Amino acid sequence: MARIDTTFAELKSKNQPALITFITAGDPNLETTVPLMHALVSAGADIVELGVPFSDPMADGPVIQQASERALSQGVGTNDVLNLVREFRKDNDTTPIVLMGYLNPIEIMGYESFSAALAEAGADGIIVVDMPPEEGAELSDILRQHNISQVFLLAPTSTADRIQLICKQASGFIYYVSLRGVTGASHVDAAEVESRLDVIKSASKVPVGVGFGIDSPAAAADIARFADAVIVGSALVRIVADNATDLDQLIDKATAFIESLSNAVKHARDVESIAT
Amino acid sequence: MSAVEAKSKYEQPDAKGHFGPYGGIFVAETLMHALDELNQTYQRFVKDPDFLASFDRDLKHYVGRPSPLYLAERLTEHCGGAKIFLKREDLNHTGAHKINNTVGQALLAQHLGKPRIIAETGAGQHGVASATVAARLGLECVVYMGTEDIKRQAINVYRMKLLGAEVVPVESGSRTLKDALNEALRDWVTNVDNTFYIIGTVAGPHPYPVMVRDFQSVIGRETKTQMIEQTGKLPDAIVACVGGGSNAIGIFYPFISDEQVQLHGVEAAGEGLDSGKHAAPLCAGKVGVLHGQRTYLMEDDNGQIIETHSVSAGLDYPGVGPEHAWLKDIGRAKYFAITDQEALDAFHLLTRLEGIIPALESSHAVAYAARLAREMRADQSIVVNLSGRGDKDIHTVAEIEGIKI
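From first to last, the protein sequence lines stand for chains L and P.
For the first sequence, my numbering assigns the number 1 to the initial residue and increments by one for each residue that follows.
For the second sequence, my numbering assigns the number 1 to the initial residue and increments by one for each residue that follows.
It should be emphasised that the hints constitute simulated quantities derived from the structure, not laboratory data.
The reader is advised that the hints may include incorrect statements.
Derived DMTMM-like pairs: lysine to aspartate or glutamate, alpha-carbon spacing no greater than 20 angstroms straight-line [what the hints assert, rightly or not]:
#1 K286/P <-> E112/L
#2 K151/P <-> E138/L
#3 K201/L <-> D161/L
#4 K328/P <-> E112/L
#5 K16/P <-> E112/L
Just a sample of chain P residues kept apart from chain L, beta carbon distances all over 10 angstroms, derived [said to hold, decoys possible]:
#6 E73
#7 R186
#8 A284
#9 K286
Residues from chain P that face chain L, not an exhaustive set, calculated with beta carbons under 7 angstroms [stated by the list, open to error]:
#10 P13
#11 L163
#12 L185
#13 N194
#14 G303
#15 Q341
Computed from a prediction, not measured in an experiment: that's the story for all the values here.
The C-beta atom is built at its ideal place from N, Cα and C for all residues, glycine as well.
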């Protein structure tokens, strides 16, 4: 948890948003994931979001569904994901890791075992896509005891009441889903997102990131002007899929893409600063 | 709450859709508002005499209700035990119980002003029932169906297309009902503003399990009246097949407080519970969360949903409605499993003895009822919910038996 707060605090002092990059653990194989995580950080990722594969990812579009299927076809389970976090932590003790997944693999492990294992492995936060706060009091308590941030999603369809409820519960950061749809859906409308984000930021005590539909440096820069974090998933996972058979090429292409995004995100507010 | 208390004061679910520890709402944030809106609308209409009157009118004049309760004399004689009655949901418009629910949900869609409906389907019966009500009300209709099921149910696919629905093949996962449900949820997340999702069974996030139960419980209410008319008393046992569990809940629910009536749900044992190739989460599964609900599931040690198997596409689902999970836990209903082979045998048995070709789903209930009847006395009675007709399955049966049509 401390790593997430520290990361956002440091970036805030530089008037920069965070770049959060999503990959699915074990995609295309377990050996690739940790080197890829390090490469993402070197290329400018501030937080690494690691997808826990699930057989029925109902909020994900085809790109991340297929990433899950590739990982599952090799038998990747929750313990493997935790091992990847441990391995990453051997060489990096500062970059926050946030897991993202669905509830059932957590339920079968048990909330206490899962949360303890998460903390012990060195993960900092978790997004459970299909666990709204209404059902999640027990899980939230246990995660809090283990100092794991629980990152909640907010959506364009969230009502004022729900924004208040979720802002009260959230820790680490809030993940604003920029559009109605699944991951990897069409291009995001920055102006619409900005007006929604004003409302959420005024209710939230934690930073608010924006994800879904951000697939290029230009789109990332648009969002970076006003969001506390820019989250990129499907566009990166597509690079993993397209280069699954050649690890070196995969790392090179992913690095080049994240460098371009990082550059766009870090400098998105420069003009504004000069102007003011 | 003790099991005894739970049965005598049966008031499920709670306001948040929990049946004991089961049910609830486990979906992505984008859908929370839509479910809340649906729940409020449903709670309002379920008490609205005008809405209920139009629902009843549609059931009578469009669906053809009440469906007959038929004493299967030759089947009874063949089994040599309790009298076997068939609740003839196969005689409904479109050939299964599914239409009861789609008529109700389509009325809600109309009241909510949603011009587009979506549905998932396994055997195709719910898809056909959804396409049917969409055609009648002039709504756009998109049906998601796994490519595995499209192969098994070509006739129903064509029926849906004739009715003007778009059938979207689902290639992800195991390419069956559960994947069709995932894809329908993804569509709903994307088009939530103009789309009403008609879930076909008593599963999914609240309020679907309670809403579908209420629409389907017309089956049990009619059965009660008809049994009293025909025999002067309630049946000793009720038997229904359970995939998601909507025909079973529909006939069970009005009898839950009549504790002398045994309730038996029949899951698909596929190639046998020991083979691992089955679709029997209540008999051989574990508790987990899928498709917006906590319930019994077919899953592996990592919490991944495993592929199910049943000869009948409509039972080929790794979860089950949360109310069945609760009825199992409190012991009010008992759940058994029937193999593909036993179901196929029952399919032929009913066809030859009664001149009624049952759906393969319903054949599971017939098979179990035949076994149960033998253990009961001649003065006792069993009602089998004959949830659908078997025309859609004749190609499957012929193929298994090596016959070219």
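Against the structure, the hints:
Of the supplied pair hints, the one linking K286/P and E112/L holds, its CA atoms being roughly 19 angstroms apart against a limit of 20 angstroms. At roughly 44 angstroms between alpha-carbon atoms, K151/P and E138/L are farther apart than 20 angstroms, so this suggested pair is violated. At most 20 angstroms may separate the alpha-carbon atoms for a hinted pair to count; K201/L and D161/L meet this at roughly 14 angstroms. Restraint check: the Cα-Cα separation between K328/P and E112/L comes to about 27 angstroms, which exceeds 20 angstroms; the hinted pair is violated.
Annotation: proposed proximity of K16/P to E112/L is violated, straight-line Cα distance about 25 angstroms (limit 20 angstroms). With a minimum CB-CB distance of about 46 angstroms to chain L, E73/P clears the 10 angstroms threshold, and the non-interface call stands. Its closest Cβ contact with chain L, about 5 angstroms, brings R186/P to no more than 10 angstroms, contrary to its assignment away from the interface. Against chain L, the non-interface label of A284/P holds: every CB pair exceeds 10 angstroms, the least being about 16 angstroms.
The Cβ of K286/P does not lie farther than 10 angstroms from every Cβ of chain L; its closest approach is about 7 angstroms, which violates its non-interface assignment. Contact between P13/P and chain L, as hinted, is not supported at the beta carbon level, the nearest pair being about 13 angstroms apart and thus beyond 7 angstroms. For the restraint placing L163/P at the interface with chain L, the shortest Cβ-Cβ distance is roughly 27 angstroms, beyond the 7 angstroms limit, so the hint is violated. Against a cut-off of 7 angstroms between C-beta atoms, the interface hint on L185/P holds, since the closest Cβ of chain L lies about 5 angstroms away.
For N194/P, the suggested interface contact is broken, since its CB lies about 11 angstroms from the closest CB of chain L, more than 7 angstroms. The closest approach between the C-beta of G303/P and any C-beta of chain L is roughly 4 angstroms, which is under the 7 angstroms cut-off, so the hint is satisfied. Look at Q341/P: its Cβ only gets to about 28 angstroms from chain L, farther than 7 angstroms, so that hint breaks.
Hint compliance for this structure: hints 2, 4, 5, 7, 9, 10, 11, 13 and 15 are broken, all remaining hints hold.
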